[in-house]
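A.B. asks: So the protein sequences, as listed, match chains A and B. Numbered by the working numbering, the letters in the first sequence go through residues 12 to 532 in order. Numbered by the working numbering, the letters in the second sequence go through residues 12 to 532 in order.
Simulated from the structure, these hints should not be mistaken for lab results. If you're wondering where the values come from, they're calculated on a predicted model, not measured in any experiment. Among these hints, one or two may not hold up.
Said to hold, decoys possible - To be clear about the criterion: a stretch of chain A counts as covered by chain B if any three or more of its residues have a C-beta under 8 Å from a C-beta of chain B, and this derived list gives those stretches:
hint, segment
1, 278 to 291
2, 356 to 365
3, 378 to 392
4, 431 to 444
5, 472 to 481
As the list claims (entries may be wrong) - Partial list, derived from the structure: chain A residues whose beta carbon lies under 10 Å from chain B:
hint, residue
6, Ile-267
7, Gln-295
8, Leu-300
9, Lys-305
10, Ala-345
11, Ala-348
12, Gly-369
13, Trp-374
14, Ile-375
15, His-418
Ideal placement from N, C-alpha and C gives every residue a C-beta, glycine not left out.
Protein chains: 2
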Amino acid sequence: METRTPRFPFPLLAGLLLVVLVGPLPALSGGGELEAQAPDRETLARMAAEQTRPGMYELAELLAIPNVASDTVNIRRNAEWLAAAFQERGFTAEILPTEGNPLVWAERRFEGNDRTILFYAHYDGQPADPAAWGQEDPFQPVLKAPDPEEGFAAIPMERLDGEIDPEWRIFARSASDDKAPIVMLLRALDALEEEGITPGSDIRVILDGEEEAGSPDLPQAIRQYRDRLQADLMLIIDGPRHPSDAPTMRFGARGIMTLRLVTYGPAEPLHSGHYGNWAPNPAQRLAHLLASMKDQEGRVTIPGFYDGIRIPPEVRPFLDAVPDDEDRLLREMALGAPDSVDASLQAALQYPSLNVRGMGSGWIGDDARTIIPDTAVAEIDVRLVVESDHEHLFGLIADHIRGEGYHLMVDESPDLDVRRAHPRVASLHRGLAYPAYRTAMDHPQMTWVREAVDEAFEQDAVFLRTSGGTVPISPFVQELGLPAAGVPTVNPDNNQHSPNENLRVGHFTDGIRTLLSILAR
Amino acid sequence: METRTPRFPFPLLAGLLLVVLVGPLPALSGGGELEAQAPDRETLARMAAEQTRPGMYELAELLAIPNVASDTVNIRRNAEWLAAAFQERGFTAEILPTEGNPLVWAERRFEGNDRTILFYAHYDGQPADPAAWGQEDPFQPVLKAPDPEEGFAAIPMERLDGEIDPEWRIFARSASDDKAPIVMLLRALDALEEEGITPGSDIRVILDGEEEAGSPDLPQAIRQYRDRLQADLMLIIDGPRHPSDAPTMRFGARGIMTLRLVTYGPAEPLHSGHYGNWAPNPAQRLAHLLASMKDQEGRVTIPGFYDGIRIPPEVRPFLDAVPDDEDRLLREMALGAPDSVDASLQAALQYPSLNVRGMGSGWIGDDARTIIPDTAVAEIDVRLVVESDHEHLFGLIADHIRGEGYHLMVDESPDLDVRRAHPRVASLHRGLAYPAYRTAMDHPQMTWVREAVDEAFEQDAVFLRTSGGTVPISPFVQELGLPAAGVPTVNPDNNQHSPNENLRVGHFTDGIRTLLSILAR
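Next up, chain A with everything else stripped away, as it sits in the complex (with noise of 0.2 Å):
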């Protein structure tokens, strides 16, 4: 059994972050004296629909841009357009050195300000495979409409030059993730240059070059360049909407630990006739050691592993107003029934879970032999939060196992006389580890920016405490102290990640107009 060398990004987690949520949640307030000169709703509108015409046609220049984090070539372009791009609009911007692809960084400051807003995107994006593209090329956008035989059919993009339907949408490797984004902020602030606003923030940019590739050199360059990130808040403009395609905000994400888990059985393979009944079956130990971490309901058993974990009952409201339709999630996924670790998705998501990603032993299907394999494997990935680090949870994983009989190895692989002086052996291997993060989602440099979001819409914002993917927003929080969170506003269905990535007209209209309403307060 081949080991991965280890890769912890953080040598170590000083402790949890102390980044927590105290006391009651305000409830939203319609609007007050220190927004007296924000633009009313229809004013945003309005300046977000002026925006979207040279808005697109900017976008579709920008994704013109190869941008595989591989790619150093036309990963420096990306770079080079952006930067001119923040100067244009009388940004200092600058191009940061970092052991891997740069950083762009941005500033731009307004007299009388006392806030600075810190914004994170990324313009690297997922390589892409033409062949599996309904486009020739992901990097040479394409205008589509909506079409009742293929789905999306193409239309010139000189279209834009007439009435634009919201509903066409613009394909694209990085169409959603992550450059809209990007390009909504220049045309929000453009928008507000032509209007004659001036924004209520002082304003910096950080754009992350690897994010795809797990931003690996991110934590290095934050420590190196923390006096130009200083700010008041961070806001992570990324990611799709909710679901229900409602306004979005995101306070937290969980974290990652990834560990493999090994269990042995015979030095080699062996003829399962000969020795079947006698010689111990790897596979079935695997088998017994995940079934113990876990019950039949998908909570995990392993003592220790929920302490500390509370939701507070104030926080509950928020996680029942999300509007989850469980009942289609689960017909989507062809689940009868979810697991039972909490009463919602989103309650479920404020626990740290213990997932198996992959499991392998012998071989399955076609190449199947009739033997007791050598060993057997569980890939495990378990999502952290802010309330146990990852080095907590590794050590009860490991008590755990050892609590069931066996002697275990940590990040090494037991030799064969381990493996004949102990009745039952596994090893236990450390991958990647990254912390959860989590901002109260009442920070007074939080409320401000929910009621920016919230009342730029008619429709009422969905604001999620904690996401329960990843994303690289820790070293941020840990080396800076910034409350952070994310806003989301690209349509839900933008295949992201994916062939055929896109992004809809009509949320690019309205991630301006997000940005707008932050901006001008």
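Dock chain B against chain A, hints included.
C.D. replies: Same frame as chain A, now just chain B:
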């Protein structure tokens, strides 16, 4: 999940095999009036030694005809060579067509005999990849002598003309499995002829051409040619001696049933962050099911699985007498302890087994991705004993899965609507099923063979009540009601099924001696 079409070579097993062990085991007699005419041990040794030189040349000639089951042209050449070889010894021989490769059948009757032995062997061999062998062509046999550096080093075949070292080996595909036993039989007949001894039994021979491919056409052929296969007993001359290298007989073999168990999660793999703790994980469910089937000591916990299995007290001494070196096995297998189905390897083999031969879900290793997989698969083989047929055990396993709260589909996969309709869904797909056989060690036709094998050598013979693996003998037992035993003769370290298959020359001599002892009786 693609499912193979279930293949049941036997439409139905009409019931348990009727060959059961009855009554106490008699002590082995030291010879008696019935064996008065049999040559003594020294004569047997001399006669076998005299056949070694010409026998090795004859074996080399046969080994030079490639015999992979799919190579029908060369398979035919093997069959013709074999039919001619028996005809030269005064046999009636025929090549019997089947749906697949032909059987070679031969018969010789002698005056005054009232007993017929049917010998079974196979003339096809495993495929061989020349690149993995220490010689140019696995079908160009090479004589080798032990060599301190290389293990074995080639010597000219003509060295057989001088003094023969029993430590020499002939290397070629099928050298041991299973061409040597056929040539041993031919040479034992020659030795009797030269010595003027009439065999004590009439002889029938059936040579299988598809054993390594699972003998798919054998059951039908046995029904078709049943008149040619009538006999008083059947001896299988195939396989290696017991690892202790003592003369060996096997009186049974476990059967096998293969199953594929599939559990279901979401219709498509899901992001483990977004849905981990909510969407059920099929690998976790599979782990629970497998863990529910066996305890931590390797004993099957499915109710009724071991019902009817009882090792009679008079059989225990035979099991205990088998000189298995379990400490050495554990050392070689790098195991700290065996499973605890019964007190010893031989005792454990008297029970049916339930073995996870392969397991898979999602991806492992460098391909691992952070998903909740859509399905999980366990490939299972159940080794059968005569007390429990496959239909009975299949029913117990299926009932057990249902008892764990699963909606179980048999031999078909659930569609999405079925998956939506039940909280837990699994499917169980039957592969092949092949029954066990066992002949009573004190069957009248077994006791005299046991004596012949035991008395041919100074060394005590090893009598195995059953082998753990499966041999294609059950059709003979089922269709023809024959008492049957294996008389394996080749060296245990012959690399059967692997590169550098070989036969030790000393074992070739001893094999002739064993068969001589049987035929002379």
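A.B. asks: Evaluate each hint against the coordinates.
C.D. replies: Here's how the hints hold up against the structure:
no. : hint       : verdict
1   : 278 to 291 : holds (count 13)
2   : 356 to 365 : holds (count 5)
3   : 378 to 392 : holds (count 12)
4   : 431 to 444 : holds (count 6)
5   : 472 to 481 : holds (count 4)
6   : Ile-267    : holds, 7 Å
7   : Gln-295    : holds, 5 Å
8   : Leu-300    : holds, 8 Å
9   : Lys-305    : holds, 6 Å
10  : Ala-345    : holds, 4 Å
11  : Ala-348    : holds, 4 Å
12  : Gly-369    : holds, 4 Å
13  : Trp-374    : holds, 5 Å
14  : Ile-375    : holds, 4 Å
15  : His-418    : holds, 8 Å
Against the hints set out earlier in the document, no violation occurs for any number.
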